[in-house]
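Dock chain B against the given chain A, drawing on the hints supplied.
Top to bottom, those sequences are chains A and B. Per numbering that gives the first Met the number 0, residue 0 is the first one in the first sequence, and the count goes up by one each step. Per numbering that gives the first Met the number 0, residue 0 is the first one in the second sequence, and the count goes up by one each step.
Hints are computed from structural coordinates only; laboratory data are not their basis. Incorrect hints may have been included.
[What the hints assert, rightly or not] Covered stretches of chain B (chain A as the covering partner; in silico rule of three or more C-beta atoms under 8 Å from a C-beta of chain A):
#, stretch
1, 209-221
2, 308-320
[Unchecked claim] So these bits of chain A aren't anywhere near chain B, every CB distance computed over 12 Å:
#, residue
3, Q63
4, Q98
5, N154
[Unchecked claim] Just a few of them, taken from the derived set where beta-carbon distance is under 8 Å, the chain A residues facing chain B:
#, residue
6, F69
7, G80
8, L155
9, Y166
10, P184
Every value quoted in this text rests on a predicted model; they were computed, and no experiment measured them. A virtual CB, placed ideally from N, CA and C, is assigned to each residue, including glycine.
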Amino acid sequence: MPRRWTAVLIALIALSATVLSPLTVVSVSGAADVSGQARNAAPIACAELITNGGFEAQGTGWTQSSAGGFSLISTFYPRTGSWGAYLGGANNADDRLSQQIIVPSNPISVSLTAWWVIATEEPGAGFDRMTISLLQPNGALLQDLFTVDSSATVNLWDQAEADLTQYAGQTIVLRFRATTNASSPTDFYVDDISVVACPPAKRIYLPIVLREGG
Amino acid sequence: MTHRSMTQSKAWLIVLTLVVATFLPALPAQAEVGTPRFDVQFSGVITQVPASPGYPVGVWKIADRDILVTASTRVLPTSPAATAGMWADVMVKRQTDGKLLALKVIVRPPEIRIKGPIAAKPTDPKGIGDWTVAGLMITVTDKTKISDRGGPLDIGDWAEVSALRDGMKLIAVRMRGIEIQPDIEIFGAIEAFSNTSWTLSGINLAVNAATLIQGQPAVGLLAHAVTSLQDSSLLALRLKVAINQPGGPHNPLAFSGTVEKLPDRGLVGEWTVKGKQVMGSASTAIIQEQGLVVVGAEVLVIGWQIGERIMAMQIIVLSSPAPGGQFVRFHGPIDELPTSGLIGLWKIGGRTVKVTEETRIANTSLAKVGAMAAVGGILGTDGVVTATWVMVWPQPGPGPH
Numbered sequence: 000m001p002r003r004w005t006a007v008l009i010a011l012i013a014l015s016a017t018v019l020s021p022l023t024v025v026s027v028s029g030a031a032d033v034s035g036q037a038r039n040a041a042p043i044a045c046a047e048l049i050t051n052g053g054f055e056a057q058g059t060g061w062t063q064s065s066a067g068g069f070s071l072i073s074t075f076y077p078r079t080g081s082w083g084a085y086l087g088g089a090n091n092a093d094d095r096l097s098q099q100i101i102v103p104s105n106p107i108s109v110s111l112t113a114w115w116v117i118a119t120e121e122p123g124a125g126f127d128r129m130t131i132s133l134l135q136p137n138g139a140l141l142q143d144l145f146t147v148d149s150s151a152t153v154n155l156w157d158q159a160e161a162d163l164t165q166y167a168g169q170t171i172v173l174r175f176r177a178t179t180n181a182s183s184p185t186d187f188y189v190d191d192i193s194v195v196a197c198p199p200a201k202r203i204y205l206p207i208v209l210r211e212g213g
Numbered sequence: 000m001t002h003r004s005m006t007q008s009k010a011w012l013i014v015l016t017l018v019v020a021t022f023l024p025a026l027p028a029q030a031e032v033g034t035p036r037f038d039v040q041f042s043g044v045i046t047q048v049p050a051s052p053g054y055p056v057g058v059w060k061i062a063d064r065d066i067l068v069t070a071s072t073r074v075l076p077t078s079p080a081a082t083a084g085m086w087a088d089v090m091v092k093r094q095t096d097g098k099l100l101a102l103k104v105i106v107r108p109p110e111i112r113i114k115g116p117i118a119a120k121p122t123d124p125k126g127i128g129d130w131t132v133a134g135l136m137i138t139v140t141d142k143t144k145i146s147d148r149g150g151p152l153d154i155g156d157w158a159e160v161s162a163l164r165d166g167m168k169l170i171a172v173r174m175r176g177i178e179i180q181p182d183i184e185i186f187g188a189i190e191a192f193s194n195t196s197w198t199l200s201g202i203n204l205a206v207n208a209a210t211l212i213q214g215q216p217a218v219g220l221l222a223h224a225v226t227s228l229q230d231s232s233l234l235a236l237r238l239k240v241a242i243n244q245p246g247g248p249h250n251p252l253a254f255s256g257t258v259e260k261l262p263d264r265g266l267v268g269e270w271t272v273k274g275k276q277v278m279g280s281a282s283t284a285i286i287q288e289q290g291l292v293v294v295g296a297e298v299l300v301i302g303w304q305i306g307e308r309i310m311a312m313q314i315i316v317l318s319s320p321a322p323g324g325q326f327v328r329f330h331g332p333i334d335e336l337p338t339s340g341l342i343g344l345w346k347i348g349g350r351t352v353k354v355t356e357e358t359r360i361a362n363t364s365l366a367k368v369g370a371m372a373a374v375g376g377i378l379g380t381d382g383v384v385t386a387t388w389v390m391v392w393p394q395p396g397p398g399p400h
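Looking at chain A on its own, in the form it has when it is part of the complex (with noise of 0.2 Å):
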């Protein structure tokens, strides 16, 4: 192949890579090193899209409802901090806790995480359950980003993950909702919420040039 084509065929699709990207075209000062390879300069900030994620707040930023008529922000179990969020530990349960969030429109990602722990007396069938969810403002159902069940080990904190980056752009509510059966309840134990969205990293690519012989 010709060597201008080959220079003309780079940049074209480094071009049309970088335009063609919609997550990657952002304008941020950056640098480019000599073999044309992108690299970040500045550290991107990424921004927390949760109000009061660890409880310490109390009730701020969330809303609940509770079938018991119970406060489901609690000193009971907290993972860190003083206060946590503590749903079910009754019979009959619905128990409800959801913030809404604006997912700003051009992150590269975003990522929800949270951790949770159970106790039960269910004798180890999964009766109880607790389902993260996101939901419209309207309370349309988007998506269940993930269910727990009476069945898991008890007393062992652990963390659920999903990639909301698809809600890019959006407002949507996250939701915690637990419910039991008529008998043997389960405590659910939620704290330590977070959204993190991220925005592209900069990119900034730096004309090649093909030299022979070199």
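Quick look at chain B alone, frame taken from chain A:
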């Protein structure tokens, strides 16, 4: 290769690099997909962790096993750092050289868990002082978190306590009221075990030939015991070691299906569930909260395989064609007993209780008018409770002692 073709190769290499570099960051962050395959999963006591600043990478000793933690191991949480004496839930892969490579390590405080009846409580209005739960002395301090959401915390009621050991004392971290249970439960670290007794976190349990033991015990592993309070000692009905080794002995097995055949009398003996032979022993838990066990009931069997048969640790009724209403549980004094034997109608706390051959009765020798008993069963439309279990307390009085 000619100089020209080398140049072209370089060019294509650069093109490829650019394309990869451009597109890769655009891929969304992937959530963890599934659980990595492991060779062994266990929970045990941490006795050694790498010294800072290498933490958490290095060799950990958990339940007396050397566990290699690398940069690719998922350690939760990393802060605060684990210390000797804490507990960990570990998922490991066995390397070709025999070393155990950790895929995931979850560190947790060494909280002993106890579910049992409250026999004594302090007079302090905040509950601060010494309690007796499951026959064990538990100290509640002003730092103990207490919840009565799941039930009251009075004498005769049941509590779940998470406690830390301080010398010979158990200091409650959390205590919550729970429903009356058919058996007492203890979760702790194995400190000693033999054919006649186990010690979990300082709590002694008697073991006999009827005790069902799942998993190979070892000092330092955690274990869950389901026990019966007899006189002042705890007899282990079921012991489950917190180890899961696919392909190993007594590997956990669970399946659900229809009950096709039951033992001729009672529930101890051979069952047929979904065409499989299932052994129900006197120590097998038969959970009948969703309905009574009859042929045609849907059940979940949890146990392990022994040859062609399955030894059942638990059989849980999922649904039943037997008539019946809500599952109820209560406790009270025994007001009346059948004139002969224990099968027949009892009166407990003013309620009529039907005891059948399928009813599990704990402490039968103590069953007498005036003794305290706890009952779980299905409430019929006639107001009679068909008992699936009855637990008689060792001594008469206002509550379990």
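(request) Tell me if chain A covers the stretch 308-320 of chain B under the three-residue, 8 Å CB rule, please? (result) With 3 residues closer than 8 Å to chain A, the stretch 308-320 of chain B meets the three-residue bar; holds.
(message) If I take the minimum Cβ distance from Q63(A) to any residue of chain B, is it greater than 12 Å?
(response) holds (14 Å)
(message) Next item in the hint list is G80(A). Is there a CB on chain B closer than 8 Å to its CB?
(response) violated (13 Å)
(message) Count the residues of the stretch 209-221 of chain B whose Cβ falls closer than 8 Å to any Cβ of chain A, and tell me whether that reaches three.
(response) violated (count 0)
(message) The hint names Y166(A) as touching chain B; please verify it with the least Cβ-Cβ distance against 8 Å.
(response) Constraint on Y166(A) not satisfied, violated at 11 Å.
(message) For the restraint on F69(A), tell me whether the closest CB of chain B is nearer than 8 Å.
(response) Interface hint status for F69(A): holds (6 Å vs cutoff 8 Å).
(message) Is the claim that N154(A) lies outside the interface with chain B correct, judged by CB distances over 12 Å?
(response) N154(A) not clear of chain B: closest Cβ-Cβ about 6 Å, inside 12 Å.
(message) A closest beta-carbon separation below 8 Å is what the hint needs, so does P184(A) meet it against chain B?
(response) Given a least distance of 6 Å, the restraint on P184(A) holds.
(request) Confirm or reject the statement that Q98(A) sits farther than 12 Å, beta carbon to beta carbon, from all of chain B. (result) Since the minimum Cβ distance to chain B is about 20 Å, Q98(A) lies beyond 12 Å and the statement holds.
(message) Just to be careful: measuring from the Cβ of L155(A) to every Cβ in chain B, is the smallest value less than 8 Å?
(response) holds (6 Å)
In the structure shown, a violation is registered for the earlier hints numbered 1, 5, 7 and 9, in ascending order.
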